[in-house]
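Okay, here's what each chain looks like letter by letter:
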Amino acid sequence: MALADARAICPALITRPADLVREAAALGGLRRWLERYSPMVARDGADGLVADITGVPHLFGGEAELRADLHARLERVGLSVGTAIAETRGAAQALARHGGGIVPEGAVARGIGHLPVSALRIGEDSAQGLSRMGLKRIADLTGLPRAPLARRFGPALVLRLDQALGLQPEPISPEADLPYFGVRMTLPEPIGLEEDVMAGLSRLLGRLCATLARHRRGARRLRLELHRVDGETARVEIGLARPMRDPDRIAALFTRGVAEVEAAFGIEMMRLVAHVTEAMDPEQLGGHAALREQDALADLFSTLGNRLGFERVLRLVPRDSKIPERSFQLLPAVYSRPQAPPPQRGPERPITIFPPEPVAARGGRPGHPPSAFRWRNMSFRTLRATGPERIAPEWWQDDPAWRTGLRDYWRVETREGPRLWLFHTPQAPAWPAGHWFAQGEFL
Amino acid sequence: MLRDPARSHPPALAGGRVHEAEGPARRGFALVQAARHRGQVIWVLPAHVAQLPMLRGLPEGLGERLHLLRPAGEADLLWAVEECLRSPGVGLVIAEPEKPLSLLAGRRLQLAAEAGATTGLMLVREGQGSNAAETRWHCAPLPSEEGDSTPQHWELKKNKKGTTGFWTVHRNGATAAFNLVSASRERDGAAETPR
Chain A
1 MALADARAIC PALITRPADL VREAAALGGL RRWLERYSPM VARDGADGLV ADITGVPHLF
61 GGEAELRADL HARLERVGLS VGTAIAETRG AAQALARHGG GIVPEGAVAR GIGHLPVSAL
121 RIGEDSAQGL SRMGLKRIAD LTGLPRAPLA RRFGPALVLR LDQALGLQPE PISPEADLPY
181 FGVRMTLPEP IGLEEDVMAG LSRLLGRLCA TLARHRRGAR RLRLELHRVD GETARVEIGL
241 ARPMRDPDRI AALFTRGVAE VEAAFGIEMM RLVAHVTEAM DPEQLGGHAA LREQDALADL
301 FSTLGNRLGF ERVLRLVPRD SKIPERSFQL LPAVYSRPQA PPPQRGPERP ITIFPPEPVA
361 ARGGRPGHPP SAFRWRNMSF RTLRATGPER IAPEWWQDDP AWRTGLRDYW RVETREGPRL
421 WLFHTPQAPA WPAGHWFAQG EFL
Chain B
1 MLRDPARSHP PALAGGRVHE AEGPARRGFA LVQAARHRGQ VIWVLPAHVA QLPMLRGLPE
61 GLGERLHLLR PAGEADLLWA VEECLRSPGV GLVIAEPEKP LSLLAGRRLQ LAAEAGATTG
121 LMLVREGQGS NAAETRWHCA PLPSEEGDST PQHWELKKNK KGTTGFWTVH RNGATAAFNL
181 VSASRERDGA AETPR
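Protein sequence lines correspond, in order, to chains A and B. Here the numbering used here is used: the first residue of the first sequence is 1, the next is one more, and so on. Here the numbering used here is used: the first residue of the second sequence is 1, the next is one more, and so on.
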């Protein structure tokens, strides 16, 4: 039915665009859940799932009980489904979309004979062609000779019919699950000592790292869950400065977190999950000195980041801006790569920079640095001044510190020794003419 | 033994030890030492200190191997310095502790530096150093007589394994490299016994 027709019938109709991505994700989740009935579960089109339950129904008490169990569980979460159990995939698929039910063994042709021919997964054209010839039900097709059918409607119809009737095989190929990097260990007796937990952890890490190596991945974040006897769960989470799958080095990072865990009456289950992983190719062990230095630095950053926070382990990265405070940025060292700053052309830059600090200026010609000033409670007399270097604000960035307009930067050498980077703002008329700021210190 | 410091360069910071620098030009001293040092450089700076190294003003080749740690408190800072000193992947650790270094903390840092064969440089306020330091430098900028020159006065106030002295060095402004040229007019005073 077209949307306009539906609206005409029911003006208060609420419509939502179909979200195919989320629907597919939901179906994927349901597919994984369905593995409780069979290990062989596959998607069937965009709206169906098909499971090979050969040898399974007796575990649930029979086919009817299995189907009832499935319906009951899905209804409890609010899903209404149509299901069918049959000897062949084609028959089950046809029946599930036309009422559902169970076809007993050896009675496929009878069980689906009453269904319309369109249930056979054939195209719209073939179905219309068949019904125009009076072949409306599957039972009408089963008795006909195959050769004229294939000549008239193509081999696809015969193939689908044979698959539904079990004359042609149609296996179910289950999808491969994404690798899951989690291991667990249930202990026969509760443990409480730190050494015991670490020993258990090293066993778990050995298994986890083997799984990671098989899939050529390295852990970036790991979580250790310690289930206590009293039902509580303690969690220890660590981050790594780069993908890693070396059990000893990872275990060392857990030491501090495990020491803080309250064991109470004991820990009876341990679970270790690498919930963030990254691709990591095998690499040669040992290697030259530079490689070992990199390893040591990555270990150091992991240790530092886990106590201080990774946002406090920083690196200076150049940015393309003439504004002094924006000419570089501080990025977390574990999420950035070292970058050499472009060679400095033009006037020299100070070695340290700080937010502008006002200086109390005295003397000097207008537009030139003062002959004497006070900064940080120290008096300075100007010996030599180099400049000005005029830096204009970036108009596309609304930076409150640069609302005062242009800045004229001077390198001021003082008789007392320090060489400072002073500026004043000629475009700020509201301020006294002698208003100067210090922003950096030269070597 | 008489020594003419006028023609000698200031001694390099001994590896595997922790040194101290004080005075207004201590950050410049640290950056010059970092440029002379090979390997990764880590600068530990309390999170609330707003005076940062400026990437484009740093000596050539230092920017890409300089890392900044910004711990929140003094205990975290000392812990981070110790961890960095202990790591074999680091060449030089520069730190700016806020409080006076106790003898215990200073000794711990020395042991860590020995374990990791790393050099440490503490930028302390005057009189706040620790007795465990290998050397202590006082650094002050000097006004330059001619332009394009950056003279500095580096005084070695304490040296556990050698004599003290003072040097006037300046950076050759024509090139990006640091040329440590001692001025010829300086002369060593009477040899002091190291503290």
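Source of the hints: derived by calculation from the structure; they are not laboratory data. There may be inaccurate statements among the hints.
Only pairs whose alpha carbons sit at most 20 Å apart, straight line, appear in this in silico SDA-like list of lysine to any residue [as the list claims (entries may be wrong)]:
1. Lys160/B x Arg56/B
2. Lys161/B x Glu96/B
3. Lys322/A x Gly387/A
4. Lys160/B x Glu98/B
5. Lys322/A x Gly15/B
6. Lys322/A x Pro356/A
7. Lys322/A x Gly106/B
8. Lys322/A x Leu52/B
9. Lys161/B x Asn131/B
Just so it is clear, the structure is predicted and the values come from calculations on it, not from any experiment.
Against the structure, the hints:
1. Lys160/B x Arg56/B: violated, 36 Å
2. Lys161/B x Glu96/B: The hint is violated at about 24 Å.
3. Lys322/A x Gly387/A: With Cα atoms ~16 Å apart, Lys322/A and Gly387/A stay inside 20 Å; holds.
4. Lys160/B x Glu98/B: violated, 24 Å
5. Lys322/A x Gly15/B: Distance ~38 Å between Lys322/A and Gly15/B Cα, so the pair is violated.
6. Lys322/A x Pro356/A: holds, 16 Å
7. Lys322/A x Gly106/B: This hinted pair is violated, its Cα atoms lying about 41 Å apart.
8. Lys322/A x Leu52/B: holds, 17 Å
9. Lys161/B x Asn131/B: Measuring from Cα to Cα gives roughly 14 Å; hence the hint holds.
Hint compliance for this structure: hints 1, 2, 4, 5 and 7 are broken, all remaining hints hold.
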